[in-house]
Amino acid sequence: MTKDEIFRAFISDPLVVEKKYLTEEEADKIRITEATESTIVDILKIIINSKQDDSGASDLKISNKINKYLNKITL
Amino acid sequence: MDFLNNIKNKKPSYLSNYNDLIDRYTLKQGGKRGTSSEEQKFEQGKFFSTKYEVFMYAIIIGLNNNYPLKLHDGAKKDDFWEIKNWQPKELVDYIIMSILAVSDIDLNALENMTEDEINFETLKIRKLMEEYANGGFDILSSKIEENPDFDNDELCFINLLDSIN
Amino acid sequence: MIITKIELENFMCYAGSNNIFEFTEGLNVIIGDTTFGKSKLYDAFNWVIDNQIYISELKSFWKTGTENVREKIISDKAKFEATSDRIKTSVKITTHHPEKDYVYIWEREYYANRENGEWIGDKDSKETIWKKELSYLTAKIVENDEEIKRIKRQIIPSEIKNYMWFQGEQVETMIDFNDSNTLTKAINILSNIKIFDEYEDTAIYLYDAAEKEYTKILKETSKDKDKGEKLDNEKTQLEIDIARLIDENKEYNENLIKAHNDSENLLNKIDEAQEVNRLQDKKEIIKKQFEKIDKEYSKSETSFHKKMFKEFWILKNSGKYAKLFEDKFKIYEENHYDVINEYKIKHQLENELISKLETRLPFNVPDDMYIEKMLETERCLVCDREAKKESEAWLKIKELIDRKQESIKLKNFKPFKNDLENEIKSLYHNAKSLELNIVNVDDNINEALEFRKDYENKRNEINAQLKKIDDDIEKLLLDTKLKSANEAKNILNEYRRKVDAVNSFKNKLERNKKQIENKKYRISEILQELNKNSNKPVPEALSDKVKLLKDIRDIMISTRERIYKELIELLEIEMNKHYRDMTMTVTGFRGVIKLIDKNNNSNYMPQIYNEDDSLSALMNTSNLMLIKLSTIMAIISAKKDTSATDLYTLISDAPLSTFGEGYILGFCKTVSRVYNQSIIMSKEFYYSDSLRNELLNNSEIKIGNVYTIKPSIKEHERGNQNNLSTIIKKIN
Chain A
1 MTKDEIFRAF
11 ISDPLVVEKK
21 YLTEEEADKI
31 RITEATESTI
41 VDILKIIINS
51 KQDDSGASDL
61 KISNKINKYL
71 NKITL
Chain B
1 MDFLNNIKNK
11 KPSYLSNYND
21 LIDRYTLKQG
31 GKRGTSSEEQ
41 KFEQGKFFST
51 KYEVFMYAII
61 IGLNNNYPLK
71 LHDGAKKDDF
81 WEIKNWQPKE
91 LVDYIIMSIL
101 AVSDIDLNAL
111 ENMTEDEINF
121 ETLKIRKLME
131 EYANGGFDIL
141 SSKIEENPDF
151 DNDELCFINL
161 LDSIN
Chain C
1 MIITKIELEN
11 FMCYAGSNNI
21 FEFTEGLNVI
31 IGDTTFGKSK
41 LYDAFNWVID
51 NQIYISELKS
61 FWKTGTENVR
71 EKIISDKAKF
81 EATSDRIKTS
91 VKITTHHPEK
101 DYVYIWEREY
111 YANRENGEWI
121 GDKDSKETIW
131 KKELSYLTAK
141 IVENDEEIKR
151 IKRQIIPSEI
161 KNYMWFQGEQ
171 VETMIDFNDS
181 NTLTKAINIL
191 SNIKIFDEYE
201 DTAIYLYDAA
211 EKEYTKILKE
221 TSKDKDKGEK
231 LDNEKTQLEI
241 DIARLIDENK
251 EYNENLIKAH
261 NDSENLLNKI
271 DEAQEVNRLQ
281 DKKEIIKKQF
291 EKIDKEYSKS
301 ETSFHKKMFK
311 EFWILKNSGK
321 YAKLFEDKFK
331 IYEENHYDVI
341 NEYKIKHQLE
351 NELISKLETR
361 LPFNVPDDMY
371 IEKMLETERC
381 LVCDREAKKE
391 SEAWLKIKEL
401 IDRKQESIKL
411 KNFKPFKNDL
421 ENEIKSLYHN
431 AKSLELNIVN
441 VDDNINEALE
451 FRKDYENKRN
461 EINAQLKKID
471 DDIEKLLLDT
481 KLKSANEAKN
491 ILNEYRRKVD
501 AVNSFKNKLE
511 RNKKQIENKK
521 YRISEILQEL
531 NKNSNKPVPE
541 ALSDKVKLLK
551 DIRDIMISTR
561 ERIYKELIEL
571 LEIEMNKHYR
581 DMTMTVTGFR
591 GVIKLIDKNN
601 NSNYMPQIYN
611 EDDSLSALMN
621 TSNLMLIKLS
631 TIMAIISAKK
641 DTSATDLYTL
651 ISDAPLSTFG
661 EGYILGFCKT
671 VSRVYNQSII
681 MSKEFYYSDS
691 LRNELLNNSE
701 IKIGNVYTIK
711 PSIKEHERGN
721 QNNLSTIIKK
731 IN
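Residue numbers (the working numbering), protein chains in the order written: chain A, 1 to 75; chain B, 1 to 165; chain C, 1 to 732.
Just chain A, with the same shape it has in the complex (with noise of 0.2 angstroms):
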């Protein structure tokens, strides 16, 4: 499966727009590499990143790195 694939099958699940974190149109239409200033898309980028890139990072990066995405973005 590529990215985006996973990307969109995540998306399209309707809890994102139900809690709104997106609309509708919104996550008919976004792809992995679109930009975007929604904090979960990016947080689901990071996540899927880390895991589908050669040997997959562990659960542990993972974390680490979107902790530093959120401190970044507070500061």
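Note that these hints are calculated values from the structure, not bench results. We put the CB at the ideal spot given by N, CA and C, even for glycine. Treat the hints with care, as some may be off.
The calculated DMTMM-like cross-link candidates involving lysine to aspartate or glutamate, where the alpha carbons are at most 25 angstroms apart (straight line), are [said to hold, decoys possible]:
(1) K149(C) x D54(A)
(2) K3(A) x D554(C)
(3) K45(A) x E540(C)
(4) K65(A) x E213(C)
(5) K84(B) x D419(C)
(6) K320(C) x E121(B)
(7) K194(C) x D54(A)
(8) K458(C) x D294(C)
Derived list of chain C stretches under chain B, where covered just means 3 residues or more per stretch with a C-beta under 8 angstroms from a C-beta of chain B [said to hold, decoys possible]:
(9) 309-319
(10) 418-429
Using the hints provided, position chains B and C relative to the given structure of chain A.
Structure of chains B and C alone, referenced to chain A:
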């Protein structure tokens, strides 16, 4: 009932060489009288329950074929039970009657005979009975010799009663 | 990849080195009767790839190096005719990617040495992969391990091999509809669902980590340290409890599946079990009837001969003696009464005198004493007159005494010494009473014979009924695979037990789920309390992070579930597509397959439904194999990311053996359409010329190469295997 009793007290003889034949078709009795059953008889392929039954049968065969056969004087003989013990009594009486019928006995003369004389006559009756039985055994044994599978047919003994020589 | 050729040298019944099969795209068929070598060819394919062969007596695979295999895979003929002490067996598979200009050759060799007249096989076989440019004559050995792995995967990846290379008899266990795990396993192996499992795990990890961080902060900023500590401990304990409950649920779920499978199995059998029970009950009744009549029949047989004496059959032809005796008896009676009459007459006069006397004086009058006195005294006491001796008067007196003598004599009326009349009469009467018996003997005998025949017939009739019902029960047991009539009896109880077990596990699962919910709720309460308890609000960033990661976790869990359901739907569609195609040639609606999650635990099982959506009974019939094959095909064809049916070859030995003729062609059409290349070993086309013609000429079947194989020696001569080789003929 002296005369009949006299007859019935007798034990008729037969030629010993018919023992095999008798045994072949008679159920071996258990230690106690009458412990063997009809079932065992059938099972063992026997046709008669007791030896005297065979004897009675032989007498009748002899009578039906009009074939009294004297027993050889020197031949080995065996005795049966007293006639009075034979069953069924009606049959026994009928057979005795038949023997009397074919014998030359003078019934009226009997009525004036002494005991010894009567005994003499009853011996003659017994002898006649033995001869008819002997004839019957002879016919029976030659039938078996002629056809060893004679007794395969269940009705063989009954059918033999029909044969007219 | 397409398999273009397989070459066998001294492999099992393929003696010598000229055993070559070439294949193209489409449906390739190897035709031969049972034991002609089809399965051995299938074994050859497997042997190359997996270094093992299937031993049907043991129903399992065995590696070359094990005792069960070794030199047994080498052709007997080759061993027999070997001129040297070293012998080789080998199989080569050639594969070709249509767009490339080289082929790969995968060879496996095995050697045996002759020691003291016996062949001892090597420890193991040797494997070599060659690469051969089409334009060159020679091939090069591939040395690189990574490349070897890659090439092997291109030929057939191990996780789908079972669904692409299989024998008919393995289908049974591979797709076991009584095991609700069957599809789950297949889906898990073949789809990308694993990826989503991993994401789910990661998301749970991330959330848990964030949540831990959150509670730690709460604890550190708590006003009431003790309270904070207490709440934190409670939370930890709850988390431990939840983990335990989840584990427990896993176990309950497994047990639930098993109990459910068992109960479904039994449900199938219940109708049959009830039928068996019904037949058993009927059998008991018939058995009693039989016993009764058997007894009566035996009795009629055994008592038959006794009747010769009891019912006087022995006197059949003896009626004439009664007549003879009767004549004699009549004469006797005449004479007998003559004598009596004479005797009577003789005594008549005397009697007259006596009676005269008696009319004058009664018997004992006068008394003897007086009469004697009168005679002595020669004087009558009555009239008191003289009665001189021998005078008339004196004689008259004497008469009185004489009278007595006479009457005594009268009392001793004995005309005979021995009166035999009664005895003889008894004989006569006896004969008379038997007369009717004797007359009726023939009729009685016939009647008795008829009775006996009747009993015999009746007995035989009932015996035949008994046998038939025994046969019926036997057949039913065989059909239903029930082990015994006893098992049938127990089945209802068993079923109830299993249903109870299913409910019990369901309840346990429910209860646990509720507990988990409650505990989770309590944890969120604790978090709130901890929040309230803290004298510093948790940084918003952290709360946001926790919420975000929680939502991501939920999204990923939901996604995985969604994907799984989609796969199931896809599978269902594919299954029905294949199933419909294969059954199209057969008239009659064959039902629609639906995948059902019976226990709500994500284990799906196929069910067949009728047009009106009611459950169909077709699962129990012979098209079960068809459904299973549809499933196998669907598992492969539903794989979206890689088109396995294009890339890999279907190799199947005797998949058609349970099919009716109508399905065989449907199967061939479907297979040739679904798979780019398939190789099928079949005996069905051996028997039927018309079927074979259809195979070769039907335009809807994309046909590849078709071969027939035949052993070199006939069946009945095959005791000696030393001459056995296989004759291969291409027929199109």
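Here's how the hints hold up against the structure:
no., hint, in the structure
1, K149(C) x D54(A), "19 angstroms, holds"
2, K3(A) x D554(C), "20 angstroms, holds"
3, K45(A) x E540(C), "23 angstroms, holds"
4, K65(A) x E213(C), "16 angstroms, holds"
5, K84(B) x D419(C), "21 angstroms, holds"
6, K320(C) x E121(B), "23 angstroms, holds"
7, K194(C) x D54(A), "17 angstroms, holds"
8, K458(C) x D294(C), "9 angstroms, holds"
9, 309-319, "holds (count 9)"
10, 418-429, "holds (count 9)"
Violated hints for the displayed structure: none, as all numbered hints are satisfied.
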